[in-house]
Every structure is written in structure tokens, then in C-alpha cells.
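Number of protein chains: 2
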Amino acid sequence: MKVLEERIRQEGLILSETVLKVDSFLNHQVDTALTLAIGKEFAAVFGDRQITKVLTVEASGIQFAMAAGIALGVPFIYAKKKKAITLSEAVYSAPVHSFTRQEDYQISISQKYLGPDDTVLIVDDFLATGAALVGLCDIVAESGAQLAGVGCVIEKSFQEGRGLLEQRGIPVYSLARIASMSPGEIHFIDNEGLLKECAGC
Amino acid sequence: MKVLEERIRQEGLILSETVLKVDSFLNHQVDTALTLAIGKEFAAVFGDRQITKVLTVEASGIQFAMAAGIALGVPFIYAKKKKAITLSEAVYSAPVHSFTRQEDYQISISQKYLGPDDTVLIVDDFLATGAALVGLCDIVAESGAQLAGVGCVIEKSFQEGRGLLEQRGIPVYSLARIASMSPGEIHFIDNEGLLKECAGC
Chain A
1 MKVLEERIRQ EGLILSETVL KVDSFLNHQV DTALTLAIGK EFAAVFGDRQ ITKVLTVEAS
61 GIQFAMAAGI ALGVPFIYAK KKKAITLSEA VYSAPVHSFT RQEDYQISIS QKYLGPDDTV
121 LIVDDFLATG AALVGLCDIV AESGAQLAGV GCVIEKSFQE GRGLLEQRGI PVYSLARIAS
181 MSPGEIHFID NEGLLKECAG C
Chain B
1 MKVLEERIRQ EGLILSETVL KVDSFLNHQV DTALTLAIGK EFAAVFGDRQ ITKVLTVEAS
61 GIQFAMAAGI ALGVPFIYAK KKKAITLSEA VYSAPVHSFT RQEDYQISIS QKYLGPDDTV
121 LIVDDFLATG AALVGLCDIV AESGAQLAGV GCVIEKSFQE GRGLLEQRGI PVYSLARIAS
181 MSPGEIHFID NEGLLKECAG C
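Chains as they are written, first to last, in full-length UniProt numbering: chain A, 1 to 201; chain B, 1 to 201.
Hints are computed from structural coordinates only; laboratory data are not their basis. Treat the hints with care, as some may be off.
Stated by the list, open to error - Below are the DSS-like pairs computed for lysine-lysine, each with C-alpha atoms no more than 30 Å apart in a straight line:
#  : chain 1 : residue 1 : chain 2 : residue 2
1  : A       : 21        : A       : 2
2  : B       : 81        : B       : 40
3  : B       : 40        : A       : 40
4  : A       : 112       : B       : 112
5  : B       : 21        : A       : 82
6  : A       : 81        : B       : 82
7  : B       : 112       : A       : 40
8  : B       : 21        : A       : 21
9  : B       : 21        : A       : 2
10 : B       : 112       : B       : 21
11 : B       : 2         : A       : 112
12 : B       : 40        : A       : 112
13 : B       : 2         : A       : 2
14 : B       : 21        : B       : 82
15 : A       : 21        : B       : 82
16 : B       : 82        : A       : 82
17 : A       : 21        : B       : 112
18 : A       : 112       : A       : 21
19 : B       : 21        : A       : 81
20 : A       : 81        : A       : 21
21 : A       : 82        : A       : 112
22 : B       : 21        : A       : 112
23 : A       : 112       : B       : 81
24 : B       : 81        : A       : 21
Please read all numbers here as calculations on a predicted model, not as lab measurements.
Only chain A is shown next, with the shape it has when bound in the complex (with noise of 0.2 Å):
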């Protein structure tokens, strides 16, 4: 997606190889022009897919499961990092490790919310370790529900977050991959083909 390319260019800042900030227009401050075409870029990808649902982890995935179920005209639902006095019910939930934050949790949600009829799309702002991703899909999958696909806004090529979905024959697909980064220095992979690739899967 070639306007977020030029976005992360212009405003993101690359703290080191591995720390991209993009807080001005994506997970701090969010433009909600630019969060709404990336909803309808999704929604381009993965709209064959019949999809019933689609799926994120709070709190920065939400903007984008909002633009993307805006775009398929679904609902999204977000797993929760800790289980709250309000989520008493039976949960779907996995364990995640964040690198960014260095700490454990669990993503959890409601079981009345996906189950065998569903089609899911997972999205989140990133990929990159794919702790959180993975932890999606094991929900998806303990829930019975159709797996129809992973979207990312910005994937980080160098890590190994793609490569451990890819091992489950889990479609992926990212609008802006990068392949290595350093101040002052970001190269993307070209996106072309992916698509098709991604069909394929």
C-alpha cells in the first residue's frame, strides 16, 4: 500500500533496527482517513472470504478491525489482555509473550462470540514476533471458526512472526513489509504478487 509506505517514510521514526514508531498516524495519534483505506485494503484482500467476524487484540488493533469490519460490513471483536470483574463468562484464551513491553498475558474472549459458524479475519498494526497473531489463531481455532486470514498494517520481514503463521497454512497478508530498517534508512518489499500468492495458500 503505497500512500502507507510513503507515511512511514515521512513520519515514522526508527528508534533502532527492530523499533519503528509510528505514534503519529497509527497507534497513539490514529489519522482516520488513512485507518479507513486500510480497513477497505483489507477488505480488497480478503473479501471473497465470506467472513462473519473479524478479530483483533485491544488496544492497538482495534482502530483497524473497526476500519476493516466498516469495510465488510461485519462486526469485530477484540480479545482483552486481562480478564476483567465483567467477563465472567466462559472464555476462549491463549498465552502471549510481549517483546515490546517484556511481559506475559493472556488474550481472552467470550465464547458466545465465535464458534463453528464463523469466518474470521484476524487484523492487528503489527507483525512481527507474531506472539500476539498466534495466540489469535489459537483462539480462532479452539473455537471452532473458519480461518480465513491474517492482515497487518506493518509487518516486520526480518523477524519471525510470517514464518511461524506460514507453518500453519495461514494466509498472511501485510500492506507495508519491511525488510530491514536503521536510522535514517527503511527498505520495503515489494507487495506485488503477494496477493495472488496469499490466494493461493
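Position chain B relative to chain A; hints supplied.
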């Protein structure tokens, strides 16, 4: 907002006189069409105030801030609940006590994204004790931005939140105001005329 009140009557689970679950359509599984309509309603109420940014707090305010941002044509910002390693620069912050989770936390936003040139609409899913909203108002005051008002999806009018905000002279508009509730029973306050009252603040 009648359609919202009806949905709360149909799907809301009243667990006690203070705890209402709306996680089938608002804050776990999210009805995207209803959420967009909620954003339009906030824009109808506050749209004449030259708002430049919508502000909320992660996680369950994000979809409503997104919807309000879409309707107003402006970006939104979500305050973070703890400092991530990628949020290293100067922040505005405020302490908050969560009665739902029984814990204290800091909310913070980067100083880069709010300043004296901004006019801010704060939105959130619930107005109850008002703790998080007062924290957000403090952050807006600290930034030097103008506060256009606070918009909430559901207000528990029997709790102190509205009073705390009105004491500060802040216009408050909630789309569904609950006068009282108990399992199997819920009473709403008629919202008619409140917009005018709010506009006069």
C-alpha cells in the same frame, strides 16, 4: 439515542445495580454500524465547536473515538495506560483509579499531539465514577488545548461522574443515561433538551 437505548434493553446484561455488560455490541464484540451512528451523533452534538482532535483512553474508548473522528473528519488520540518503551518522549499524564478493575494506573499522551492550537472532544464508552474522564480533562488542561466537551455512550447517572465534570464547567453529553437499574429492569433519563442545556455550558 433511542436505537442505543433499545439495544441496551435487548442485549445489555444487568449484573447488579451498578454493573451493566454491553459486550455483545459495544465493548468486546462491536457492532460497527451502530458505532458509526454513535460517532455521527457525537458530531451532531459537538460539530459546531471547531474540534481539531478527539481524545479517549485505551482500550474500550477507541472505537467510539474512531467513529467520532470519522464523522468530524479529524484524527483521534488514545491515551495509553502505561508507558511503553516506544513512548519515550515527554508526555502529559494523570493518575486514574479504576473501580471496575480495582487498580490505580497512569494515563498519558505524547506532548507532540496536543497543544494550545487544538480544540478537543473527549469521548468514552461509560461515564460512571468519571475517574478516567477527569484524568483526560486534566491532560487537556495541561496541554493548553480548548476542551469542547465530553461525549459518553452510556452514562450511569446515579454515579458521581457527571457531577464531577459539571463542577468544572465541562459540557457533558451522553447518548443513553441510566437513572437506575437492577437485574431485569432499567430506567433511562429522557435526553431531550439536554443538548441545548449542554450547549449553554
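- Task: State the violated hints by number, sorted upward, taking the hints as numbered earlier in the document.
- Result: Result: hints 4, 8, 9, 10, 13 and 18 break, sorted rising.
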